[in-house]
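Asker: What follows is the residue order along each chain.
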Amino acid sequence: GENVEQHPSTLSVQEGDSAVIKCTYSDSASNYFPWYKQELGKRPQLIIDIRSNVGEKKDQRIAVTLNKTAKHFSLHITETQPEDSAVYFCAAHLDTDKLIFGTGTRLQVFP
Amino acid sequence: GAGVSQSPSNKVTEKGKDVELRCDPISGHTALYWYRQSLGQGLEFLIYFQGNSAPDKSGLPSDRFSAERTGGSVSTLTIQRTQQEDSAVYLCASSLAPGPGEQYFGPGTRLTVT
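Which chain is which? The protein sequence lines are A and B, in order.
Position 54 of the first sequence, counting from 1, maps to 54 under the numbering used here, and the rest follow consecutively.
Just add 1000 to wherever you are in the second sequence, counting from 1, and you've got the numbering used here.
Think of the hints as simulated: they come from the structure by calculation, not from any bench.
Be aware that one or more of the hints could be misleading.
[Said to hold, decoys possible] Taking lysine to any residue and the SDA-like style, the derived pairs with C-alpha atoms no more than 20 Å apart in a straight line are: (1) K98/A / G1051/B; (2) K98/A / P1055/B; (3) K58/A / K1011/B; (4) K1011/B / F1065/B; (5) K42/A / P1055/B; (6) K42/A / R1110/B; (7) K98/A / K1011/B; (8) K98/A / P1061/B; (9) K42/A / G1040/B; (10) K42/A / S1038/B.
Just chain B, same shape as in the assembly (with noise of 0.2 Å):
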């Protein structure tokens, strides 16, 4: 079946724009995660959805970004007024229930703030 899916794959965007990323889970996954991969970096956690609850958004790095999940599915992260500190890849995953087990990953969406 399909696997997670991002869209947009890459985003250029000038420094104090608004930009929403999209994250599309596997089918039936009511987990949805965050994460947020700098170059050369770990990843590192933003905030994950147990339905369209999201019980923990203590890795958000400031007010500038949010997340909603709607239909406990598509997820979109919005960042407000880029800076160029925000460029890096942005990796979205999704599980079958929240708990310990696999998640998966998708292709994730690289964002370049000028």
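If we strip away everything but chain A, and leave its shape as in the complex, we get (with noise of 0.2 Å):
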């Protein structure tokens, strides 16, 4: 079935060091690969996304990359800044308008 898995479920990282969080997904029809950030007790926000039709993505400090062959895409987060501290969801769409959502890593930045 439809599965997006997450990995690490946490992650601690030193203020200015880099951050990886890697997802796989299981339908390779999927075209649409976004990033949610979310704080707190906030709502998850988009802070990235990538289509099938590209390998990688930067903004600023974030990078994502997509790897077809494989179904996997990683959210790459360099000289991290403990305000990056939140839960971030990778999230995979699928042709039926369906967006299947990975469990989460939980990533703390420490000054």
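Make one complex out of these two single chains by using the hints.
Answerer: Next up, the structure:
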């Protein structure tokens, strides 16, 4: 069935270090892969997304890479800051217009 | 402009009672989605609307759950005969159109079934 696996579930890094979160998906028809950030007690917000016709996309300190053959995609945050601390969710969009989310990664950035 | 709003923000109900959760999407957004987020878990897809129609109801956990959307705008999620395992945050999101693209989330309704 449709499934998105996300690792790790928790990630602790020192301020200034990089953080990488990885996701794999099962439906080869998936064509859109967003990443959402959810701060404590707040609603999820889109931070970056990638479509299946590109392999990498960057936005300042955030980048996402996609490997369609292997069916996995990753979020890279460089020069992490304490305000990056949050739960990050990856998702895969199916051709049925459903968005399937991963289980989330709790990122803690220590000053 | 106004974002997605949901009401109530918190709801405590006794097991066996029915509850109605409301979502007001961003004006002009034709697609509306309902998700459930249990403590420390990801977002579980429940149902989505294109206009007033629900092409995919496959995520509804049981026949106690139902949802409707009227006038292409407000949506209500109804849970009948609530159970303790229904306790979660119910999130609504809307997007300009169905298909790949940003979904804008509401603040959620925290449901506690005692």
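Asker: Next, verify each hint and record whether it holds.
Answerer: Checked hints:
Distance hint between K98/A and G1051/B is fulfilled; the C-alpha atoms sit about 15 Å from each other, no more than 20 Å. For the proposed pair K98/A and P1055/B, the alpha carbon gap of about 10 Å is at most 20 Å, so the pair holds. For the suggested pair K58/A and K1011/B, the alpha carbons sit about 40 Å apart, so the restraint of at most 20 Å is broken. As the CA atoms of K1011/B and F1065/B are separated by approximately 16 Å, the hinted pair is consistent with the 20 Å bound.
Between K42/A and P1055/B the CA atoms are separated by roughly 29 Å; this puts the pair beyond 20 Å, and the hint is violated. Of the supplied pair hints, the one linking K42/A and R1110/B holds, its CA atoms being roughly 12 Å apart against a limit of 20 Å. The suggested pairing of K98/A with K1011/B is violated, with an alpha-carbon distance near 27 Å, which exceeds 20 Å. A C-alpha spacing of about 16 Å is found between K98/A and P1061/B, which places the hinted pair at or below 20 Å, so the restraint holds.
Using a Cα cut-off of 20 Å, the hinted pair K42/A and G1040/B holds, with the two alpha carbons roughly 13 Å apart. For the hint linking K42/A to S1038/B, the alpha-carbon distance of about 14 Å falls within 20 Å, and the restraint holds.
The structure shown violates the earlier hints numbered 3, 5 and 7.
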